[in-house]
Amino acid sequence: MDRRTLIKSGLAAAGTVAMPAYLRAQSNRKLSILTWNIADQEALFKEEFADFRAQNPGVEIEWLDKKGPELPAFYQTQLVAGTAPDIVDLQGAIWVEWAANGALLDLTPYMQKEPDVAKLYNQDYLASFVYDKKNYVVPFYIAKTLLFYNKLMFKEAGLAEAPKSFDEIVNFSQAMAKGEKTGFLTLNFDWLYWPLMQMNGVELLKPDMKTPAFNTPKTMEVLDKLAKATASGGINKIAWTGRWVEPNGAFASGNVGMLQAHSASYFFVKGQAPWVNPDTLGAVQNPGNWSTPTNHGFAISKSSKNPDLAWALVKHMTSNKWATEFSLRRRILTGNLAADKAGLEKVKTEDPLAHAVLLTQLEHTDKMCGNWPLPNDAQVKDAFWAEVQNAVLGRKDAKTALADAERAVTRVMRRS
Amino acid sequence: MEAYSGSRQHGWRKWLLNRFVLVPAAILAVAGAWDLYASAHDDGLVIGQVLDAQGKPVEGAEVTLWVFSFTTFAENRSVKTGSDGSFRITGNPSHHIQLSAAKPGIGASQRIPIRLYFRSQNTKLAAPLVLPGKA
Amino acid sequence: MAMALPAAPERRSTSFLRKATTRQAMLVWCFLAPSLLVFLLYRILPLAWNIVLSFQAWSPLKPAVFIGLENYEEMLTDEVFWQSLWNTVFIILSAPVGIAMALGLALLVNSNISGRNLYRTLIFLSYPLMTVAVAIIWRWMYDERVGLLNYVARLLHLTDTPIPFLNSFFWALPSVVVANIWQMLGFYMIILLTGLQNIPSSLFEAAEIDGATASDRFWRIILPLLRPSIFLCFVIGMLNSVTSFDLVYVMTGGGPGRATEILVTYIYKLGFVQTRFDYAAAVTVVFFIFLITVAWAANRISGGNAGARDME
Amino acid sequence: MRRSPTWPIHLALIAVCFVMLVPFYWVLKTSVSGENIFTFPPSIIPRNPHLFYYVDVWYAIPFARYFLNSVIVSVITIAANVVFNAMAGYALTREFRGKGFILILFLSCMMVPFQATIIPAYLITGQLGLLNSYVGLALPQFSTIICIFVFKASFDAIPGSLIDAAKVDGLPEWRIVWTIMLPLAKSAMATNVILSFIWSWNNFLWPLIMTRTPEMQTLPLGLARFLSYQEDTTGALYAFCIMVLAPGILLFLLAQKEFIQGLTSGATKG
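As given, the protein sequences belong to chains D, H, Y and V, one line each in that order. Quick note: the first sequence uses the numbering used here, first residue 21, plus one each step. Quick note: the second sequence uses the numbering used here, first residue 464, plus one each step. Quick note: the third sequence uses the numbering used here, first residue -11, plus one each step. Quick note: the fourth sequence uses the numbering used here, first residue 90, plus one each step.
By construction, these hints were calculated from the structure, which means they are not laboratory data. Fair warning: this is a prediction, and the values are worked out from it, not measured in the lab. Warning: the hint list may mix true and false statements.
[As the list claims (entries may be wrong)] SDA-like cross-link-like pairs, simulated, lysine to any residue; straight-line CA separation at most 20 angstroms:
#1 V:K256 / Y:T9
#2 D:K416 / Y:T65
#3 H:K477 / V:P151
#4 Y:K50 / D:R435
#5 D:K66 / H:F531
#6 Y:K50 / D:K184
#7 V:K188 / Y:N287
#8 V:K188 / Y:Q12
#9 D:K230 / D:R435
#10 V:K188 / Y:T9
#11 D:K87 / Y:F233
#12 D:K368 / H:A537
#13 D:K198 / D:A182
#14 V:K346 / H:V484
#15 D:K66 / V:P151
#16 D:K153 / D:K66
#17 V:K188 / Y:I32
#18 V:K275 / H:L479
#19 V:K275 / Y:N186
#20 V:K346 / Y:N98
#21 D:K341 / D:F69
#22 D:K171 / D:K184
#23 D:K66 / V:Y148
#24 D:K366 / D:A376
#25 D:K201 / Y:H145
Use the sequences and the hints to build the structure in full.
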C-alpha cells in the first residue's frame, strides 16, 4: 500500500489530490527550488535563474524561501501532498534522515558521469554530505566552528594567547570570571558544542553507529569540569541554555571572554558590538583544531519529475561563476574552491578581521567532528543533549546524567 | 422593523460620513500625497561638495557611493568632483547609503552614512566630505 | 450543556409553525450546515486522521504500519511528554490568577466613575495584538542586558546581576505566563464585565436594604452569579494559553532545556522536527482528551451550564 | 457606598493602565531610537529619534503586498464569519433534535489543537483546489465557535413576541433574520468583526504552510522572517512590530465603542 492511499483512508476522504495550476504546469520543464532563509539574496537568485533560462529555453523556475525552523514543516507537508520542491536547500544533518528514508535523490551517478563537477568543491566538505557511500547533497554555503576571544578581557586577566587545550579553556574562563564577567560561551544547537567533547577524545557511538560509547569515566570528568566551571561563573550559563541570539548577544556585550561558534557569529557580533576590531577580537581554531560544521547544501527530491534539469540547476548555482558572485555579495564561503578564493581575496582588503575568521573555515577541514551521518540525528541529538544540559547545569550529577543519556540514546536507536 | 427602516433615512451621509470611512480615507489621502511627493523626487540624485582639511574645494576627487546590501555596504558607482569641489551622483538605487571621497595625495575621507526616507530620494549633503590632506 | 430554554418552544407554537415542523427542522440544519462543514473539514476530519495515525507507524518518508498501542505505551516513559504536560497544567493553573486580576479590574471599571470607557479601552488594547509581535515585545522586555525589567530591577537594587528571564529554568515559564496574562487580561475583563452588568440591580438594592456589607455582596451575589462568566473566561483563556503556540515558539522555542515546552510545541516538534507524526498524533489525542476533561471539570465546578447562562 | 471617594479607583486603574501600556512604549521607543539599542543602561527617552527603521522595514520585505494580502484574507474571513456564525447562532436558538449533540460537538471542536491538524488540513485544502489562494487561507476560520455563541446569546435576548408578530405578518424566515434580528444583534456583529479580524490578522502557522509563492504571504510571515538572525541587531524588528500592530489597534479603536459598550451594555437590554 502506498503512502498516499493510507492517508486518504485515514482522512476518509475520497478522490485524488487536487492539482493546482502550478502543479499541472510542473510536468513540462518547470523546476521549483526551496531555499533556507536566504531571501536577502533575491536579486542574485533572479540573475542566476535568468542566466539558467537563457541556457535552457522554456524552463520555468519557481523559487521559494522559508525561514529555518519552518522549512522542514513546509517541505514535509509538501512531500505528503506529493508536491515537494525539486531542489531543496538543507542545513545541518536533516538531509541524512530524509536521504535514509528515500526522500532524496542519490547524486553519485551524476557525479560519476561528470567527474569534473565534484572537483569544484572542497573535498572534505563534499565528503561530509555522504551517507551510506552515496552523495546526496552539493555544498551551497559552508561554515564550521572556531574560537572567538575577547582580547581586552584576555589582557585584563593577564592571558597572552588563545587556549591550546580543553583544560586551558576551562582555566582561562575561571581566570576571567569576575562579577558580571564570564569566561566562556558556546553555541549548543545541533552538535555545535561537540568539539569540547572531541578535544577529550569522547566518542558518541561505537563504530557500528548504533551503540552508545559515551558513558565513560572520561566523559564524566569532562562534564564535571564543565559543571564546576559553570557553577563558579567561569562558563556563562547561556552556553547551555541559549540558542543563537542569546550567546552571540552576550558575547557582543563584551563581558564574555570566549565564544565557540561558527563564522556567521562574527557578522552578528560585529553588528551589535562597537568594540569589535582586529585589536580586540581574536579568531582562532579550537584546541586540537576540532570543529563542528554547519553547512547548507542542495539536495534533489526523489519525487522530482525533472531530475536531470534539477541537477543542471544545482550545478549552475554552485558553478564557479555564480558561487563566486554569491561569495562576494554575501561574504560567505561556498565550498566552491575558486569562489572562496575570490571571496577571501576581496574580504582581505575590506575587512581583515572577517578574512581571518573566514580563513579558519577552510583550514583543518579534516578535523571536523559532531557530524555523524545518523538517520535519526534529530532524536539522538535531543536525547543526548537534554542530559548533557542537566549535567553541566548541575541539575543531575554527571554519572546519573550519562546513565540516563545512555538509556535514552539506546531507546532511540532501538526504535529505528 | 421601525427602527431599521428609520435608520435608512440618513441616506448616503450615514454611509460615507462616519469614522469607518473617514479615517481610512484620510490615511489613504496621506499615503497618496506621500507617494506623489516620492515619485516626483526619486531621481536618485546625491549632491554635495568635497573640501580639504583647510576648507578649500578639491577638484578631481573621486566620490564613491556605497549601497547597503544585507550586512555590508557595497560600492555602487563613483564620480569625480568639479572645479568647485562639488559632485553630483545620479541613479542612487537605495535608501541607505554611504559616501566617501578620495584623491591620491590628499587622502580619503571618512564614510558618511546617509539615510533616506524613500528609495532614490534626491538629497543634498548637509556637510561637505572632508579630506585629511591639503589640496 | 442543555440550554436554559425550557419554555422556549411554546412561545412559537402557533398553528402555522406546527404544520411546518419538518420544514423548520430542515431550515435549522441548513443554517447550521456551513459552520458544520467548516468544522468537519478543519477540526473533525483532522482529529480523525490523528486518531487513526496514532495506532500506526508513519512519517511522510515511509509507509504506514499498524502498531497497536505502541505509541501510547511510549508516552508512559517519555519524560519530555510528562514535562510538557506539567508545563501545560502550570499554564492552565495560572489562568485563575489572570481571571482574579481581571475580576478586580472589571469591578473597578464597572463602578460609576468618569473615563471608565477609556480605562476599558486601554486595558483591552493588548488583546488584539498579533501573538508573534507580543512574543517579540516581551522578549525585548525580558532581555538580559537592555530589557526594561532588568533595568528597573537593577535600578531598584532588587538584584545585582541581571536575571536572564527567558534563559533561566526557574524564570522562563513564569515569564511566558506573565506575557500571556498581559495579553489576555483585557479579554477576561470584558467578559466578566458583561457578566457583572447582567446581574439585576434589584439584587443589590435588596441586599442594601438587608444591610449587607461590601464583602457580603461580593461573595453572596457577585461571585455566584458570575460563575458562568468565569467558566467562559477559564475555557477560552485555557484554550488560548494552552494552544498559544506562537507565543512560546517565538519567545523561548520551548527552552531552556524543556522548561517552557508545552504540549502544542512538543507536538509540533515531534512531527516536523523529529519526523514522528505517528507519535505526535498519539500525543495529540491524549491532549485532546485532557482538554475535554479539564473543560468538563470546570463546567461541573461552575454549576453545570457550560457558561451558557451568562449569554442570556 | 455612594459617599466613598473615587480617587483610589482612579489611582488603581491608572496604575494598571500604565503597566499594560509600558510594553507598547518600550517597543515604540526602541523602534525610533537613534542610539545603538544594545547600550547599557537603556535610555528611557530615545536619543536622536528617527524613523529610518520604518523605511528599512518597508524595503526589507514587500510590505505593501503582504499588507494587502493580510487585508484581503481578513476581509474574506470577517464576511464569512458574520454570515456563517449568525446563521448557526440563530439555528441554535431553536429547539430541534440533536441540538445537545451539536452543542457538545461545537465545544469539543474548540479543543482540537490546530498545530496537530496541519497536514490533514493541508491535504483537504488541496482536495478543494484552494492551495495558495486567499480563500484557502481564510477557510479554516470561516466559522468560529465562540462567535456562534455570542450570536446565539444576543438572538436569545430578543423578545419572542417581536418574532411572533412578524410570523403572523407572514414574513419568511430569512426576512425575519435579516430585518429584525440582525439589526438587533449589532453588538454581536461588532464583536464578531473584531474577533475574527484579530484571529485572521494574527494567524501564523497556517499561512506559513499554505502559501507557496512569496506573492501570497501575509504579514505575520514577514514578521517571523524578520526575526531571523541578522535583523535582530537593529531596531527595525521593533519598527516592524509597530507597523504590524498598528492596523489592528486602529480598527479596534475605531470600533471599540460598538465593541466594548455594545458587548457590555447590549446584553442587558434584552
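**Study point:** Hint consistency between D:K66 and H:F531 [alpha-carbon to alpha-carbon, up to 20 angstroms]
**Key:** 19 angstroms, holds
Point to revise | Pairwise hint evaluation, Y:T9 against V:K188, where the allowed Cα distance is 20 angstroms at most | key: 15 angstroms, holds
Check your understanding: Quick one, are D:K368 and H:A537 close enough, alpha carbons at most 20 angstroms?
Key -> Holds - the C-alpha atoms of H:A537 and D:K368 are around 15 angstroms apart, at most 20 angstroms.
Review point. Does the alpha-carbon distance linking V:K188 and Y:Q12 stay inside the 20 angstroms limit?
Key: Within the cut-off at roughly 14 angstroms; holds.
Review point. Is the hinted pair D:K87 and Y:F233 satisfied, with a Cα-Cα distance of at most 20 angstroms?
Key: It holds: about 17 angstroms lies between the C-alpha atoms, which stays within 20 angstroms.
Check your understanding: Is Y:K50 close enough to D:R435, meaning Cα to Cα at most 20 angstroms?
Key -> 14 angstroms, holds
Review point. CA of V:K256 to CA of Y:T9, is that 20 angstroms or under?
Key: Status holds; Cα separation ~14 angstroms.
Review point. Is the straight-line distance between the alpha-carbon of D:K230 and that of D:R435 20 angstroms or less?
Key: 11 angstroms, holds
Exercise for review: Take a quick look at whether H:K477 and V:P151 sit within 20 angstroms of each other, Cα to Cα.
Suggested key: 36 angstroms, violated
**Study point:** Given pair status - D:K184, Y:K50, alpha carbons within 20 angstroms
**Key:** 46 angstroms, violated
**Study point:** Proposed proximity, H:V484 with V:K346 (alpha carbon, max 20 angstroms)
**Key:** Holds, at roughly 16 angstroms.
Practice item. Given the hint that V:K188 pairs with Y:I32, test it: the Cα-Cα distance must not exceed 20 angstroms. Key: 18 angstroms, holds
In this structure, the hints that do not hold are numbers 3, 6, 16, in rising order.
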